[in-house]
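Take a look at the letters that make up each chain.
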Amino acid sequence: MAYVQDSLTSDAVLLGALAEASRELAEASSVEEVAEIVGRFGRRHFLIDSIGLHLSVPSCVEYWPERRETDTFQTSIQLPVNDAGPLASVSGYWRQPRAISAPEQAVLEVVAQTASLALKILLNRAKGGPPAGQYVARERGRFFEFQRQVRGLLAVVRSIVRRTVDVPYSKEEYAAHLEGRLDAIARIQGFLLRAPEAKEDLEELGRAEFLAQAISDDRAHISGPRILLSGKAAETLGLAFHELATNAIKFGSLNRPEGSVRIFWDRQPKDRTSVQLEWREQVEAAGLTATAVEADAINKGFGFELIEKVLPYELGAKSSLAISSAGAHCAITFTAGLESSRPRGQSPPL
Amino acid sequence: MSEILRKTATGDLSGFRILIVEDDYLVASDLSEALRSRGATVLGPAPDARQARKLAEQQRPDCALLDINLNGDLVFDLAEELRAQSVRTIFTTGYDSAFLPPGFNLMPCVQKPVNFKALVTLICGGH
Chain A
1 MAYVQDSLTS
11 DAVLLGALAE
21 ASRELAEASS
31 VEEVAEIVGR
41 FGRRHFLIDS
51 IGLHLSVPSC
61 VEYWPERRET
71 DTFQTSIQLP
81 VNDAGPLASV
91 SGYWRQPRAI
101 SAPEQAVLEV
111 VAQTASLALK
121 ILLNRAKGGP
131 PAGQYVARER
141 GRFFEFQRQV
151 RGLLAVVRSI
161 VRRTVDVPYS
171 KEEYAAHLEG
181 RLDAIARIQG
191 FLLRAPEAKE
201 DLEELGRAEF
211 LAQAISDDRA
221 HISGPRILLS
231 GKAAETLGLA
241 FHELATNAIK
251 FGSLNRPEGS
261 VRIFWDRQPK
271 DRTSVQLEWR
281 EQVEAAGLTA
291 TAVEADAINK
301 GFGFELIEKV
311 LPYELGAKSS
321 LAISSAGAHC
331 AITFTAGLES
341 SRPRGQSPPL
Chain B
1 MSEILRKTAT
11 GDLSGFRILI
21 VEDDYLVASD
31 LSEALRSRGA
41 TVLGPAPDAR
51 QARKLAEQQR
61 PDCALLDINL
71 NGDLVFDLAE
81 ELRAQSVRTI
91 FTTGYDSAFL
101 PPGFNLMPCV
111 QKPVNFKALV
121 TLICGGH
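Which chain is which? The protein sequence lines are A and B, in order. Start counting the first sequence at 1; every next residue gets the next number (this note's numbering). Start counting the second sequence at 1; every next residue gets the next number (this note's numbering).
Bound-form chain B, shown alone (with noise of 0.2 Å):
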């Protein structure tokens, strides 16, 4: 079995640099915990597109979890860097995916309460 697919079968995510973007701090926080306990490595949690810049540009992620709303900000600046940067981006959000504007409509999208096993095969089905 090759590597990937021994990943993506066990929900194994160490190696992965995973960056959390989200306002909400119990919300991160137990998200950074399952992905950690995973084996991943959390860059963040940042509550807003300004610290998350930060964080990225001191360690470049594979992959972003990005809540839409933040604190009344919405994301897609931030999205649309992360996409030049070939970070692969996924959106955890209380939004219905029609609410993606075009351009964004294709990119991954999992609604709240974050479905983690859901978002587990994301992350890996992506790397």
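For reference, chain A alone in the conformation it holds in the complex (with noise of 0.2 Å):
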């Protein structure tokens, strides 16, 4: 087989044209000019006499040096423009029987990808999709929004195995408190992870955390209007609210059997955007023991410190937490949008 010179000086010079069709391609705005800057890299980098973009064929790889179908079909190069499965196919033909060295082959490679993506961009564009660089700029996006959401995840768990270690538990008690942060961080993310920028209703956190504690609607009232709560709004104040109802179960007024809890809400008058919510626990004349209210008070540390600490920390809240004989109660006064004049049952905007 002859080896037919072609007019490429230097895989350098190759190279610097494949720089430039990757550009032209990432600019295409048709499936039509993306096969013209195929066709034109073809014939004019490797003497390509027939190049053709096919649509609707299986990808492949596929490379065949020596083939002869026609006369005029010596040699073929067909490349895969689609990873996926069936879409397209770049292939090259050469009247003269030609072999490629191993950087042409690699070259052709790229430009079949990069011309793949091009056509990935354009049909997704033509389903209403934003523009290629949009395109790619949002996936970047949200790839980076995601790992920064996992790794702040775990960063926060771990803060909490260590908060949870640090009280003198029996090793059941110790599991059974990391558990039962763990599901309400587990399911405060879940109700965040229904949709990007998913905002959390407030009387939804509330009654998730009563549902998993087994606490029965008669004992636990939950009264307010609508408020539709940020991302860090709902971990903080979710978790807060599981510290307490674990406490109240243990401890304080859900310990006895005719005690209660009210979470209560509203906006305040002057300035609509702040939410003042209360706590209250409620049990009949006895009240609990001065040990209970003791035992109350050591038991809720990182009750405390969420109330106390992170909310304000985090959300600017001002908030405090007391126990007493009728058991604990709990002001916060926050910061939330002002999503709540919408009706009830339509759907938050995301």
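Any given hint could turn out to be false.
Pairs of lysine-lysine residues, derived as DSBU-like cross-links and limited to a Cα-Cα distance of at most 35 Å, are as follows [what the hints assert, rightly or not]:
(1) B:K54 <-> A:K232
(2) B:K117 <-> A:K309
(3) A:K309 <-> A:K250
If the Cβ cut is set under 8 Å, some of the chain A residues that face chain B in the computed set are [claimed, not checked]:
(4) R43
(5) L47
(6) L123
(7) A155
(8) R158
(9) F264
Over 10 Å on every C-beta distance to chain B, these chain A residues come out as not near it, computed from the model [claimed, not checked]:
(10) R40
(11) Q147
(12) V150
(13) S159
(14) I160
(15) E172
(16) A186
(17) I222
(18) P269
(19) S274
(20) E278
(21) A331
It should be emphasised that the hints constitute simulated quantities derived from the structure, not laboratory data. Even glycine gets a Cβ: it sits at the ideal position worked out from N, Cα and C.
Put the complex together from the two separate chains, hints included.
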């Protein structure tokens, strides 16, 4: 087989041409333009006599240096333009027998892959998606945000594990506390992962905690206008509800058959973005014993930290937690957006 | 052994003033406690750039640990200001280092959850 010398002076020239073709492909505005760029590249730099962009054929990497089918079909290289399934292929044909070098093969593969990406973007845009640059940037941005959320969550989990260890529980108690906290985090993340930029309904947050702790509706009362929480507010308030509920069951009002809990909130009349929330435990006449009050206060370590430190730091909230013979009383004032004017049942903006 | 080498080897951070900018309280407080236990003086923690600027104006830090996404706001303006004041700046973030824009991509970046030993080495190495 004769080796036909082509016009290439060096691999460097070829790489320069590849960079140029890649740039053109990234800016291509139609399927025809993609085919034209690939064809021009093949004819100019590989002396390809005929080059085709075939849609709807299985993806493939095939190269026949000595395949002969007709008089004019001496050598063919066929490359995939889609790695995920049937879409298209790029094929080049030479009338004269021709061998291509490994760098040339690599360059053709890159051109084919770039053409594949350009086609995917164009097809996506045809379905109403954004332009190529935005599409790539958005996918990249989503991935970065996803990484950040997962790593951030792991950092928080590590901090919570550390705080759980700090208290002298038995191994079983330790496991139960940690499980409870992780369940609460998982529940809240579950709400927030429903959609990008999802908001969480304050009432839903409270009800989910009571449900998880098997506290019946007649012992737990929740009332207030619709408030949608940002991710951060939902995480912190959700964890605070969890600690309060756990302690109410163990030492507080929910430890008594007749005891109950109320969570209620309202927007402040003067500043509608400001929400005042209270957690109030109630027991009938007898009340809690001094020992129970003490134990409650000690065991509210993480709850105290969440309410008196985390909420002010992260949400700029004003908050306090006090333990008395009636159980715990917690008051939190925080800022929330004004979505509450929306009628119930209508979905929040995403 | 030189003072710097000794400090690096033992992870001793006494004499370092370290500004912590982190919007998550639990993470910020653990980091503060760990740095203080090594002898460092902690400025902050600050949950946002505004409060961090205030702290840095009162007392110039030797080193600043910056979370990149502070409740939705990116920290790069603050990083630029601190760099202009020659404050050693280390990103502590959930973002991948590939997220860093040109101009910041050579600055040290530690991924969360932060490996404390690696962080201490970075702090000492830059002193």
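Hint by hint, which ones does this structure get wrong, listed from lowest number up? Of the numbered hints, 4, 5, 6, 9, 11, 12, 13 and 14 do not hold.
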